[in-house]
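Chemist: Here are the chains, one letter per residue:
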Amino acid sequence: MVGKVIAKKVCMVGPFAVGKTSLVRRFVDSIFSDTYLTTIGVKISKKPVAVNGDQVQLMIWDIEGVDVFTELKPSYLRGASGVLLILDGTRPKSVEMAAELSNVLGEQLPGVPVVGLLNKCDLMYEWKLGESDIEGLEALGISVIKTSAKTGRNVELAFELMVNKMGLGSGVPESP
Amino acid sequence: MSQAEGNVSIENTDQNNAESSVGELEPDNNYLRLRRLLLGEDYSSALKRYISKEEEVERVSEALPKAVKNTNQAELGGALSPVVDKAIEKSIEQNPTRITHILFPIMGPAIRKAVASALAEMVQSLNTLLEKSLTLGSLSWRIRAWRAGMPYAQYALLQTTQYRVEQVLLVHRETGLLLNSVTAPEVHTQDPELVSSMLTAIGDFVSDSFSAGDETLERVRLGELEIHLNMGPHAILAIAVRGSASDELALKSMTTIETIHARFGHQLNQFEGDRAPFDETTPTLSECLLSQKLESDEKRKPWMAVLLLLIGGGYGVFSGIESRQIEQQYIALEKLVNDEPGYLVLSADSTGETLNIKALRSPESRTTDLLTAELLAHSEMLARAGWSINSAVVTVIEDTVVHMGPAPTVFVQPVEEMPRRPVVNVEAVTKALLIEGERVTIIAQGGHLSVTGEVSEATRQRLVEDQTLKQTYDDIDFSGLMISDISSALDRLKELVDRLHNTVFYFEPNESRLSGDELLKIPSVVKTIEALEKQASIIGVRDLQIIVMGFADSTGSLFANSTVSQQRADGIRSMLTESAVSADIMVAWGAGNIDLDNISDKAQRRVTLQVLYSGDASNSESVLNSEQAPNVEPMSDAAQTLNSEPPAEKVNDMDVDPGDSWWVK
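Protein chains in written order, with my numbering: chain A, 1 to 176; chain B, 1 to 665.
No wet-lab data here; the hints were simulated from the structure.
Treat the hints with care, since some could be wrong.
Sample of chain B residues facing chain A (criterion: CB under 10 Å; computed from the structure) [said to hold, decoys possible]: (1) E56; (2) H172; (3) R173; (4) G176; (5) L177; (6) S196; (7) I202; (8) G203; (9) S207; (10) E272.
Here are the simulated EDC-like pairs of lysine to aspartate or glutamate, each with C-alpha atoms no more than 16 Å apart in a straight line [as the list claims (entries may be wrong)]: (11) A:K73 - B:D208; (12) B:K602 - B:E530; (13) A:K150 - A:D34; (14) A:K73 - B:E511; (15) A:K47 - B:D191; (16) A:K4 - B:E511; (17) A:K4 - B:D279; (18) A:K150 - A:D122; (19) B:K527 - B:E578; (20) A:K165 - B:E272; (21) B:K602 - B:E495; (22) B:K602 - B:D517; (23) A:K46 - B:D191; (24) A:K4 - B:E272; (25) A:K146 - A:E156; (26) B:K534 - B:E495.
Derived DEER-like restraints, expressed as beta-carbon distance ranges [to be verified]: (27) B:R263 - A:T70: 52 to 58 Å; (28) A:F32 - B:T71: 34 to 40 Å; (29) B:S209 - A:Y36: 21 to 27 Å; (30) B:I106 - A:F32: 53 to 59 Å; (31) B:Q73 - A:S75: 42 to 48 Å; (32) A:S75 - B:L222: 21 to 27 Å; (33) B:S209 - A:Q55: 40 to 46 Å; (34) B:P105 - A:F32: 56 to 62 Å; (35) B:T216 - A:K4: 16 to 22 Å; (36) A:Q55 - B:T259: 26 to 32 Å; (37) B:T71 - A:V104: 49 to 55 Å.
Note that the Cβ used here is the ideal one computed from N, Cα and C, for glycine as well.
Pulled out of the complex, with its shape left as it was, chain A reads as follows (with noise of 0.2 Å):
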């Protein structure tokens, strides 16, 4: 039975040079690249997703990194029903500005799920965060998942956290 096909934008959102490129492509291309090549303005993909029998279309909005000298574009946000706040595992300042970029969010997107995640999770050695911060985070409202764009550990996952979020999936799925 085909359902129907309900749109919906979603917003990468993050320091620089977290990954939410390399996610993005890892979750619609199934693509990992060690080159990095930093977003100017946006880049936008498209994931469809089914869900309990109806078809989401993800457009998913990849949104420059942020860092002192450039802010996040309230206007890239606009209309978005989901949030994907991507942090760097190994840098823990980028956990800092995650509380920052939070206090946007809620402003700009109030009442908008938003999941947390991790990212670099394979890079073990190079891991800096403690459970404290993880705490930290999830103090904030947000959902906290650890995930690898190189080795595609829980990228699915997150998007799939990020549709139930949105009250489209059946539920909650078990974090592994």
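Add chain B to chain A, keeping to what the hints say.
Modeler: This is chain B only, laid out in the frame that chain A set:
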């Protein structure tokens, strides 16, 4: 500040000293003494060398090329460019011819190229215009230009600009999600969902970067492709156009976005990602897939010119055929008139579709009315048979009746011709033999006497045996003398009516003239009708009417059948009235085709006669019983011969035995 002033003063003294350096030194100038100590004997020559311009120039000119080579080229270029600019400007100012000569070989080809390309463009445009000017399209352009109230040239220019809408996207403004899209056939486009999101993102980017207010991105141009963005409060209409679009498109795009907002305002406001409700916008969006195409690839034919030529040629052929057909008809009709017994054509000339014939005709020939009606019918038949374009030719015959050859009646005085016979008063003799209420007509013609009328058996006997009459006339015709029996008068009437009712004239297919044997029925019918009239007047039947009913067979159209049946009825009626049957009791009616299918076509093509009358026996009796003197209506020879139109001319034409005739000649 004081420090600087001090320096300046020292320099000044230094200068003064240098000028007078060759001379003796100022003992109190410690600086000078120091220089002297340091530089020794070379001091004055060194000073001289540095000051001398010639030596300086010489030194720099040696070093300059090397120095230029060693310097940063970009820096040097930057430093030199204003100088070079100024130098070139000055040079051109001083000698403009030289720069012209230098530039000529470079500019020539460039200009030629530019002009050629501009000319080619113009020629193309002119070609289109010229091609258009003789095509059907140009006519419609002219009409549209006129309706649009702009000069034709402007309209044509507008029309020769080419564009095509390749894709129309309806985008949700808030999310940038695609609501619906339509694509022109055979256009390869990117994923419309991605394009719509990207367009929104680009719009956001441009607005964020360059605009402070509510201004939004309206157009994105990429080479030949232009994207027109029309922003509504909730949706964006993005139209991808190749080429330069006309105002028409801008207007269309505006009305479309307005229409969509009016119809789907609620759905747009409540949009949660479900596109299904917006599928209904497809027809509206498809209306925006406008295009204006230059069909320059295919060779256009000047249809207008071809059409005009065809119309001209067609008209020529048509009128040629038509005039030839009319000509042939004229000849045929003229021949028919000439062949008509008793007619002699003097001249025939035509005006339009009317043939005017001047003819002489003998008194006993058919009247012109009858002949022209027949000719018209014949012409119509010819027209039908020959697939003629024109309608039938109307023939007008201007006749002069002349007595040619022997007259049908004899111009002889009976008394002079037969002097031996006693002169008798036929009227008185006959009258003496009749009884009350009887009425006979006697016609004396030379030696012939014809007695007609209704008498009793006894009266007839007396008339037949009357010696006076026998002696006066060579032969006496009593055949027209009916035996009148009062009781049988009505039966006689009914018998006559029955006889008429049983008379049927049959026709050839699609023919309204009687032919062959059918014609021979006319005289007897005439006789029967006359007898009927007489009988009716005797017994006082009122309102006698004979309906001549024409019928047609089942083939042919309703209209044609109605026409031919009416023509048949009219023809029979005119034949009968020509044959002295009074016209005021005859009615002709074409019934068309009304028969049952099982009646054969041959039997259906007919004319029948229907007799209607009113009045009863008592009425007739009263007439018969009225006291009337025997009534004789004499007809003298003179009266008969004076009549230039013989009443029985039809009978003559039809070659009927005169013995059968009512009238004795």
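Chemist: So, for every hint listed, does it hold in this structure?
Modeler: Quick rundown of the hints versus the structure:
The beta carbon of B:E56 is not positioned within 10 Å of any beta carbon in chain A (closest approach about 52 Å), and the interface hint is therefore violated. At its closest, the beta carbon of B:H172 sits 7 Å from a beta carbon of chain A; the interface hint therefore holds under the 10 Å criterion. The interface hint given for B:R173 holds, since its Cβ lies 8 Å from the closest Cβ of chain A, which is under the 10 Å cut-off. With 10 Å as the threshold, the beta carbon of B:G176 comes within range of chain A, its nearest partner Cβ sitting at about 6 Å, so the hint holds.
The criterion of a C-beta within 10 Å of any C-beta in chain A is met by B:L177, whose closest approach is roughly 4 Å, and the hint holds. Interface hint at B:S196: satisfied, since its Cβ lies 9 Å from the closest Cβ of chain A, which is below the 10 Å cut-off. Evaluation of the B:I202 hint against chain A yields a held restraint, the C-beta minimum of about 8 Å falling below 10 Å. Using the Cβ-Cβ criterion of 10 Å, the hint placing B:G203 at the interface with chain A is satisfied: the shortest such distance is roughly 9 Å.
Restraint check, B:S207 versus chain A: the minimum CB separation of about 7 Å is within 10 Å; hint holds. Annotation: interface hint on B:E272 holds; nearest CB of chain A at approximately 7 Å, less than 10 Å. The hinted pair formed by A:K73 and B:D208 meets the criterion: a straight-line CA distance of about 8 Å does not exceed 16 Å. In summary, the hint linking B:K602 to B:E530 is not supported, as the alpha carbons are separated by about 29 Å, beyond the 16 Å threshold.
A hinted pair counts as satisfied when its Cα atoms are at most 16 Å apart, and A:K150 with A:D34 qualifies at roughly 8 Å. The hinted pair formed by A:K73 and B:E511 fails the criterion: a straight-line CA distance of about 97 Å is larger than 16 Å. Restraint check for A:K47 and B:D191: the C-alpha separation of about 12 Å stays at or below 16 Å, so the hint holds. The hinted pair formed by A:K4 and B:E511 fails the criterion: a straight-line CA distance of about 76 Å is larger than 16 Å.
For the proposed pair A:K4 and B:D279, the alpha carbon gap of about 12 Å is at most 16 Å, so the pair holds. Distance restraint check for A:K150 and A:D122: the Cα-Cα separation of roughly 7 Å lies within the 16 Å cut-off, and the hinted pair is therefore satisfied. Of the supplied pair hints, the one linking B:K527 and B:E578 holds, its CA atoms being roughly 13 Å apart against a limit of 16 Å. Between A:K165 and B:E272 the alpha-carbon distance is near 15 Å, which keeps this suggested pair within the 16 Å criterion.
Note on B:K602 and B:E495: the hinted pairing is violated, with a Cα-Cα distance of about 27 Å set against a maximum of 16 Å. With a C-alpha separation of about 15 Å, the suggested pairing of B:K602 with B:D517 holds against the 16 Å cut-off. Straight-line distance between C-alpha atoms of A:K46 and B:D191 comes to about 9 Å, which keeps the hinted pair within the 16 Å bound. A distance of roughly 12 Å separates the Cα atoms of A:K4 and B:E272; the hinted pair therefore holds under the 16 Å criterion.
Between A:K146 and A:E156, the direct Cα distance comes to roughly 12 Å. Compliance with the 16 Å bound is thereby established for this hinted pair. Using a Cα cut-off of 16 Å, the hinted pair B:K534 and B:E495 holds, with the two alpha carbons roughly 13 Å apart. The beta-carbon spacing between B:R263 and A:T70, approximately 41 Å, falls outside the hinted interval of 52 to 58 Å. Checked against the given bound of 34 to 40 Å, the beta carbons of A:F32 and B:T71, roughly 49 Å apart, lie outside it.
At about 25 Å, the CB distance of B:S209 to A:Y36 agrees with the hint of 21 to 27 Å. The hinted window of 53 to 59 Å between B:I106 and A:F32 holds, with their beta carbons roughly 54 Å apart. For the pair B:Q73 and A:S75, the beta carbons lie near 45 Å from each other, so the given range of 42 to 48 Å is met. For the pair A:S75 and B:L222, the supplied restraint of 21 to 27 Å holds, since their beta-carbon distance comes to about 22 Å.
A beta carbon spacing of about 35 Å between B:S209 and A:Q55 contradicts the range 40 to 46 Å that was offered as a hint. In this structure, B:P105 and A:F32 meet the distance hint of 56 to 62 Å, their C-beta atoms being roughly 59 Å apart. One distance hint, 16 to 22 Å for the beta-carbon pair B:T216 and A:K4, is violated here, with the actual separation near 30 Å. Taking 26 to 32 Å as the suggested C-beta distance range, the pair A:Q55 and B:T259 conforms, at roughly 29 Å.
Look at B:T71 against A:V104: about 51 Å separates their beta carbons, and that is inside 49 to 55 Å.
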